[in-house]
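**Q** Chains X and D supply the protein sequences, listed in that same order. Here our numbering is used: position 76 in the first sequence is 434, and no number is missing along the way. Here our numbering is used: position 378 in the second sequence is 381, and no number is missing along the way.
These aren't lab readings, by the way, just hints derived from the structure by calculation. Among the hints, erroneous ones may be present.
Unchecked claim - Listing some non-contacts, in silico: residues in chain D with all C-beta distances to chain X over 12 angstroms: (1) Arg-39; (2) Pro-75; (3) Gly-90; (4) Arg-110; (5) Leu-133; (6) His-246; (7) Gln-274; (8) Ile-327; (9) Tyr-331; (10) Leu-332; (11) Arg-333; (12) Leu-338; (13) Val-349; (14) Tyr-350; (15) Phe-351; (16) Gln-353.
As the list claims (entries may be wrong) - Label pairs and their in silico Cβ distance ranges: (17) Gly-528/X to Met-244/D: 17 to 27 angstroms; (18) Gly-405/X to Arg-325/D: 21 to 31 angstroms; (19) Ile-368/D to His-455/X: 49 to 59 angstroms.
Remember, it's a predicted structure, so these values are computed and weren't measured experimentally. Even glycine gets a Cβ: it sits at the ideal position worked out from N, Cα and C.
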Amino acid sequence: MVGNDHDTAFVKFDRVQKSYDGETLVVKDLNLGIGKGEFMTMLGPSGSGKTTCLMMLAGFETATFGDILLDGKPINNIPPHKRGIGMVFQNYALFPHMTVGENLSFPLEVRGMGKDEREKKVKRALDMVEMGKFGGRRPAQLSGGQQQRIALARALVFEPELVLMDEPLGALDKNLREQMQFEIKHIHDNLGVTVVYVTHDQSEALTMSDRIAVFDDGRIQQLATPDDLYERPENAFVAAFIGENNTLRGKVVGVDGDHCTVRLDDGSKVEALAVNIEGEGARSTLSLRPERVSIAPETADNVFEGVVQELIYLGDHIRVRVSVGGNDDFIVKVPNSANGRQVKKGETLKLGWSKADCRALDPS
Amino acid sequence: MAQADAGALDGRDGNVTRMVTADGIPLKRSLQRAERRRKIAALLLVTPLLAFLLIVFLFPIGQMMWRSVDNPQVVNALPRTLNALEGWDGSEVPSEEVFAALAADFREDLQRPRADQTWGPLGVRLNYELSAARGAVARTVRNVPDFEPPYREAFTDSHRLWGDPAFWRVIQREGRPLTASYYVAALDREYDDEGNIVRRDENRRIYVGLFMRTLALSLGITFLTFALGFPIAYYMSILPMRHANLLMICVLLPFWTSLLVRTTAWIVLLQQQGVINEVLVNIGLIGDDGRFSLMYNMYGTIIAMTHILLPFMVLPLYSVMRTIPPSYLRAAKSLGATPTTAFRRVYFPQTLPGIGAGAVLVFIISIGYYITPALVGGQSGRMISNEIARHMQQSLNWGLAAALGSILLVGVLILYWAYNRLVGADNLKLG
Numbered sequence: 359m360v361g362n363d364h365d366t367a368f369v370k371f372d373r374v375q376k377s378y379d380g381e382t383l384v385v386k387d388l389n390l391g392i393g394k395g396e397f398m399t400m401l402g403p404s405g406s407g408k409t410t411c412l413m414m415l416a417g418f419e420t421a422t423f424g425d426i427l428l429d430g431k432p433i434n435n436i437p438p439h440k441r442g443i444g445m446v447f448q449n450y451a452l453f454p455h456m457t458v459g460e461n462l463s464f465p466l467e468v469r470g471m472g473k474d475e476r477e478k479k480v481k482r483a484l485d486m487v488e489m490g491k492f493g494g495r496r497p498a499q500l501s502g503g504q505q506q507r508i509a510l511a512r513a514l515v516f517e518p519e520l521v522l523m524d525e526p527l528g529a530l531d532k533n534l535r536e537q538m539q540f541e542i543k544h545i546h547d548n549l550g551v552t553v554v555y556v557t558h559d560q561s562e563a564l565t566m567s568d569r570i571a572v573f574d575d576g577r578i579q580q581l582a583t584p585d586d587l588y589e590r591p592e593n594a595f596v597a598a599f600i601g602e603n604n605t606l607r608g609k610v611v612g613v614d615g616d617h618c619t620v621r622l623d624d625g626s627k628v629e630a631l632a633v634n635i636e637g638e639g640a641r642s643t644l645s646l647r648p649e650r651v652s653i654a655p656e657t658a659d660n661v662f663e664g665v666v667q668e669l670i671y672l673g674d675h676i677r678v679r680v681s682v683g684g685n686d687d688f689i690v691k692v693p694n695s696a697n698g699r700q701v702k703k704g705e706t707l708k709l710g711w712s713k714a715d716c717r718a719l720d721p722s
Numbered sequence: 004m005a006q007a008d009a010g011a012l013d014g015r016d017g018n019v020t021r022m023v024t025a026d027g028i029p030l031k032r033s034l035q036r037a038e039r040r041r042k043i044a045a046l047l048l049v050t051p052l053l054a055f056l057l058i059v060f061l062f063p064i065g066q067m068m069w070r071s072v073d074n075p076q077v078v079n080a081l082p083r084t085l086n087a088l089e090g091w092d093g094s095e096v097p098s099e100e101v102f103a104a105l106a107a108d109f110r111e112d113l114q115r116p117r118a119d120q121t122w123g124p125l126g127v128r129l130n131y132e133l134s135a136a137r138g139a140v141a142r143t144v145r146n147v148p149d150f151e152p153p154y155r156e157a158f159t160d161s162h163r164l165w166g167d168p169a170f171w172r173v174i175q176r177e178g179r180p181l182t183a184s185y186y187v188a189a190l191d192r193e194y195d196d197e198g199n200i201v202r203r204d205e206n207r208r209i210y211v212g213l214f215m216r217t218l219a220l221s222l223g224i225t226f227l228t229f230a231l232g233f234p235i236a237y238y239m240s241i242l243p244m245r246h247a248n249l250l251m252i253c254v255l256l257p258f259w260t261s262l263l264v265r266t267t268a269w270i271v272l273l274q275q276q277g278v279i280n281e282v283l284v285n286i287g288l289i290g291d292d293g294r295f296s297l298m299y300n301m302y303g304t305i306i307a308m309t310h311i312l313l314p315f316m317v318l319p320l321y322s323v324m325r326t327i328p329p330s331y332l333r334a335a336k337s338l339g340a341t342p343t344t345a346f347r348r349v350y351f352p353q354t355l356p357g358i359g360a361g362a363v364l365v366f367i368i369s370i371g372y373y374i375t376p377a378l379v380g381g382q383s384g385r386m387i388s389n390e391i392a393r394h395m396q397q398s399l400n401w402g403l404a405a406a407l408g409s410i411l412l413v414g415v416l417i418l419y420w421a422y423n424r425l426v427g428a429d430n431l432k433l434g
C-alpha cells in the first residue's frame, strides 16, 4: 500500500499535539504518513480531533507540539496562503459576490496568472466537473450539488498537489451524496492528486478511501484499508464505529495461541480470535458482524440459542433481533430469498458462528 | 367580454379549459378572493401606524412646505391698494388713487377687533424684504384716521418710505398669495431694482455656505464613524458571542445616557480649561498659552457628533459582518491570497451593504443635527439646522425657516435617490 513507508510520506504528522485551552489535548500524539496520490480519510465522531488535524495541515490552526511535514519540509511556520494546498469547505465557501467563473479565477489571479491562461484553466476545471455552462452564474443561483462541484473545481483549478476536504458532502441529500462520492473518487483517480478527506460518515469513508484513519478521543484508533478496517477491527471502538456489530462482553478464561475462550456474563463460553486482550482473567469485548452469524448451522465453533425479539423488514434482507448470551440487541441478517427460511417473532433460533469471525477485543 | 367569460366558465367548450376550483369558481378568482382577505388583514395591521405617521409626520411636513411659499399678509391687509396698483409701471411714486385705497384699507383694518388686525403681520412681512418697512407701517397706521386728502402727501409726511418706489415695488411683488421670496432669500439671493433675482452682497451671504458646510461636516462625520466603527465592528464579529456582547454594551452605552448629558460631558472634556487641555498642559506637552480650541468651533461639532453617531455605523456593520462566515477568509487564503488580498477582495465587498446602511443612517441623521452643534459648535461649527431653529424661535421668520427646511429635505431625498441608483436600497442591511 502506498504511503506505508513513514519516512518518504508526502504528508507527515510527527508527534503532533494540539490544545486550545492549555488544559486538555484535542489531538494527542498524532503520527501519520500520507503517501503521494493517496486518498486518505480521517473518520471519527464529532469532537474526535479529525477536523483539527485538517485545519493544522491547512495552516488555520497551529500545532501546539510536533511537526507537520509536506514533501519532507516542515510547514508549521508557513502561512496558509503559501502552502499551496487546495481545500473544499463544509459549506463550500464560494464567494457570494463573485460569479462562478470569478470564483475559479480567483486563485489564479492571486498567483499573477495572465488572463488567457486563466480562462483556459477555468474552462477546463468547469468542464471537469461538468459545469461548463455555469461560469456566469452566481453561487446563490446554483443548487447544493452544483455548488459542491464548483467548490471542488475551485480547489483543484490551481493544480495543488494536495487537496483537503472537510465533510464536503455533509449538506447534500443521500442520492446526490452517493453520486458525488463516485465523482470525487473518479477525479482523484484521473488527476493523481493527494486527498485528505474528513468525514463522520463511515460508508462515505469505506467507499472512497485508499486508507482510513479512525479518530477517537484525539488519537488514531486504527489506520487501515477499508476492508481491513471492516473485517479486522483492532479495538472495540473501531468495531462498533465501522459497520454493524454485535457485542458480547465477558472474561477471558483461556488463551490458546491465536485463539481464546471467553466466558460471557451469563456463564456461556465463546471461542474467539485473540486480537487485543490483556491475557487470561482480563475482561474482553467480543465483536461479531451480523452477516457472519448463520442460522441453524450444521457445524460451527460456537453454537447458541436465541429468542427472536423483533423483525425489521429492509427489503433485500430482514434484520432479526435476537437475545443471545445476555445481549438483547444481537442482530442477525436473514437474506430475503425465495426459498429462504421464514423467521417468526418469539421463535427460538439456533445460531452459530466461526471463531475466526469473532474477535476478542479490549474491554470498552 | 362577459359572454366570453361565461362560455369559458361552463367548461363544455372543448377548446377553452380554465382551471376551476371544486365548486366551479375560476381558480384565479378564488385566488384573488383569498389574496384580498390577506391584503385587507395586512392593511389593518399597518393602519394605526400609517394614520399616526400621516397625522404627525407627513401632514406637518406638508404644512411646512406650504408655509415656505404661502404669502397671505399683503393680500389680506391691502386688497384695495393692490387693486389700484395694477398697471403701475413701478418707476415712480404711485398716484393719489393708490394712496386713497391704502388709506381705505388701513381704516377698514383699524375697525376690526385687535386680534384680527392685519397691519402687524403686514409690517413684519414687508420688513423681511425691506428693513424699516415695519416702522413705516406701524408709525403710519395709527394716524390714518386723521389723514385728509391729498393722501399722498399725508403718507409721505408720515414716513419717508411711502415716497420710495422701491417700497411700492415690494408691496406689488409680495401682493400675490404665493411667493418665491423665501427660497430666494434661502439661496442667498435677492431682487434687484428691476425685479431680477441676483446674488446678495458677499458679506450678506449665509445660507448656501452653511448648506455646503453642513454637507461637508456630515460627510466628514460619516467617514470618521466608518473609519472608527469598521475595525471595532470587525473585531466584535470575530469574538465569541459573550465577549462581543460586552463590547456591544460599551458601544451602545452612549444610547443609554441623555444626549444633553453626553454633550455636556464633551464640554467638560474639550473646553480650554477642560480635562484634555489641563492634562496636556500638566504633562508639559503644550504650554499654558498653547491650549487647543477644541470646542465652540468645527472640531467640537465633529468630535461630539462622531461619538454620538458611532453606534448607528457600528450596528449595521456588525450585523452584516456577523453573517459572513470565517470560512470565506479561510477559503481565500487556502486559494493563495495573502491576508490583505483576502480581506480586500473577499471580505470587504461582502460588508458593503452594512457600510451603505451605516453611512446613509449617519449621514442623514447628521445633516439635520441640531442640539450638538448648538451646544459645542460655536460659530464655525454651526449647521443649517441651527439657522432653521433660529428663524423658528428668534427671528420668527417661519417662511424662511420652512424654505431652508424644504431645501434640506429635498437635498436629502436627492442624495438618497442617488444612493439608491448607485448601490440599491435593497442592499441596505440595518440588522
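**Q** Evaluate each hint against the coordinates.
**A** Status of the hints after comparison with the structure:
For Arg-39/D, the shortest C-beta to C-beta distance to chain X comes to about 33 angstroms, beyond the 12 angstroms cut-off, and the non-interface label holds. No Cβ of chain X approaches the Cβ of Pro-75/D within 12 angstroms, the least distance being about 56 angstroms, so the stated non-interface status holds. Annotated as non-interface, Gly-90/D keeps its C-beta farther than 12 angstroms from every C-beta of chain X; the closest such distance is 69 angstroms. No Cβ of chain X comes within 12 angstroms of the Cβ of Arg-110/D; the nearest lies about 76 angstroms off, and the non-interface call holds.
With a cut of 12 angstroms on Cβ distances, Leu-133/D stays outside the contact zone with chain X, its closest approach being about 60 angstroms. Distance check on His-246/D: its Cβ is at least 15 angstroms (rounded) from any Cβ of chain X, clearing the 12 angstroms threshold; non-interface status holds. At roughly 47 angstroms, the least C-beta separation between Gln-274/D and chain X is larger than 12 angstroms, which holds for a residue marked as non-interface. With a least CB separation of 9 angstroms from chain X, Ile-327/D falls inside the 12 angstroms interface cut-off, contrary to its annotation.
Here Tyr-331/D does not stay apart from chain X, with its beta-carbon only about 5 angstroms from theirs, under the 12 angstroms limit. With 12 angstroms as the threshold on Cβ separation, the claim that Leu-332/D sits away from chain X is violated: the shortest Cβ distance comes to roughly 9 angstroms. With a closest Cβ-Cβ approach of about 6 angstroms to chain X, Arg-333/D is found to fall inside the 12 angstroms limit, against its non-interface label. Separation of Leu-338/D from chain X is inadequate, the least Cβ-Cβ distance of about 4 angstroms not exceeding the 12 angstroms criterion.
Chain X draws Val-349/D into its interface by the beta-carbon criterion, the shortest separation being 6 angstroms against a cut-off of 12 angstroms. Here Tyr-350/D does not stay apart from chain X, with its beta-carbon only about 10 angstroms from theirs, under the 12 angstroms limit. Under the 12 angstroms C-beta cut-off, the non-interface status given to Phe-351/D relative to chain X is violated; the minimum distance is some 10 angstroms. The non-interface label for Gln-353/D is inconsistent with chain X: the shortest C-beta to C-beta separation is roughly 6 angstroms, within 12 angstroms.
Distance hint check: the CB atoms of Gly-528/X and Met-244/D are about 24 angstroms apart, consistent with the given range 17 to 27 angstroms. Take Gly-405/X and Arg-325/D: their Cβ atoms lie about 25 angstroms apart, and the range 21 to 31 angstroms holds. Evaluation of the 49 to 59 angstroms hint for Ile-368/D and His-455/X yields a failure: the beta carbon distance comes to about 28 angstroms.
Hints 8, 9, 10, 11, 12, 13, 14, 15, 16 and 19 from the list above are not met by this structure, while the remaining hints are.
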